[in-house]
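Work out the full structure: start from the sequences and follow the hints.
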Amino acid sequence: MDRLQLPQTERSPLVDFDFDRQRLRLEGESYPEDAAAFFGPLIAALDRYLERLRAEPPAAPLILDLRLAYFNSSSAKAFMNIFQRLEAAARDGVEVQVNWHYQTDDETMMEFGEDFREDFQAARFELCVFD
Amino acid sequence: MSIATQYLDVHQRMRDQGVIFSFVGYVSEGILFSLGEALKQKMRLEETDANVTKRVFSIFVEQVQNIIRYSAERLHAESGTPTEMSSGLITVGRDATHFFVVCGNIVGRAEGEDLRGRLDELARMDPDTIKTYYREKLREPPEEGSRGASIGLIEIARRSTRPIEFGLTELDADRAFFCLKAYI
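Chains as they are written, first to last, in the working numbering: chain A, 1 to 131; chain B, 132 to 315.
Hints in this document: simulated from the structure, not taken from any laboratory.
Please read these numbers as outputs of a predicted model, since none were measured by experiment.
The C-beta atom is built at its ideal place from N, Cα and C for all residues, glycine as well.
Check each hint, because a few of them may be wrong.
[Claimed, not checked] Residues from chain A that face chain B, not an exhaustive set, calculated with beta carbons under 10 angstroms:
(1) Gln5
(2) Glu10
(3) Pro32
(4) Ile43
(5) Asn72
(6) Met80
(7) Gln103
(8) Asp106
(9) Glu118
(10) Cys128
(11) Asp131
[To be verified] What the simulated footprint calls covered on chain B by chain A, stretch by stretch (three residues with Cβ under 8 angstroms from a Cβ of chain A suffice, anywhere in the stretch; the number is not a length):
(12) 182-189
(13) 281-289
Right, here's the structure in full:
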């Protein structure tokens, strides 16, 4: 599947979905004017991708790296949407790992990470602190 | 009263209340962005704790997006992209102990009552209950007719370090003025 890349903007994160390498990345701040318009196409692409992985589970895990400094509630909703899909794929036998990167002392992002972690059982969810 | 005295009076009264900035009129996503940048810059220059800055900014964004989405006074582009401008009031300030973010806008009376109901419910919750409620709402499919306000309101209540304050006052048979104040 074609790699999906969007540059980081002041209000939207960098997106790098390198499907063939099973590496997905979201990085930056997220409070787009229209969260549905921004995340809709990403989620649609993810759905098509997960469908393929379910049919042919790869040997190596699918890894999603999130490194976010701030996001609004509409974006949080979109992340939850993505996580629910990944967890469902993991339950169907696709190996999934989500890495939640947050800066030391960033209480908000740490708390969000701890919150989101509770939604994963089949998929692995790691909290990764950086300086 | 001269024009200078008249506006000095406005200026002075705002300063006395600790206002950092106040905006009245039509807001758009572009204005949200610019005001948000100014706010972050001001807080950085004053070396405000990064976690406090994030909380203030987060509440500010949710408050302004609520005005943009729910104000009953709004302008739509005739055609093309759905550019929206909605009228409201945004005030960010600081008193002796806390930052505060206030937003006000006109709402339909029925919507206003509904909003007040949701906020009454939130105001009765302790921080742990708010956190659990937020997680529940995050997992739910979007409500019918809603564009995500309830999760935004919960986010405001959650980031606020003191209980949120809010009120509704009737304007006429159909409309009311709604306002919400959060402290950080």
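| said: Hints numbered earlier in the text: which of these fail when held up against the supplied structure? | reply: 1, 4, 10, 11
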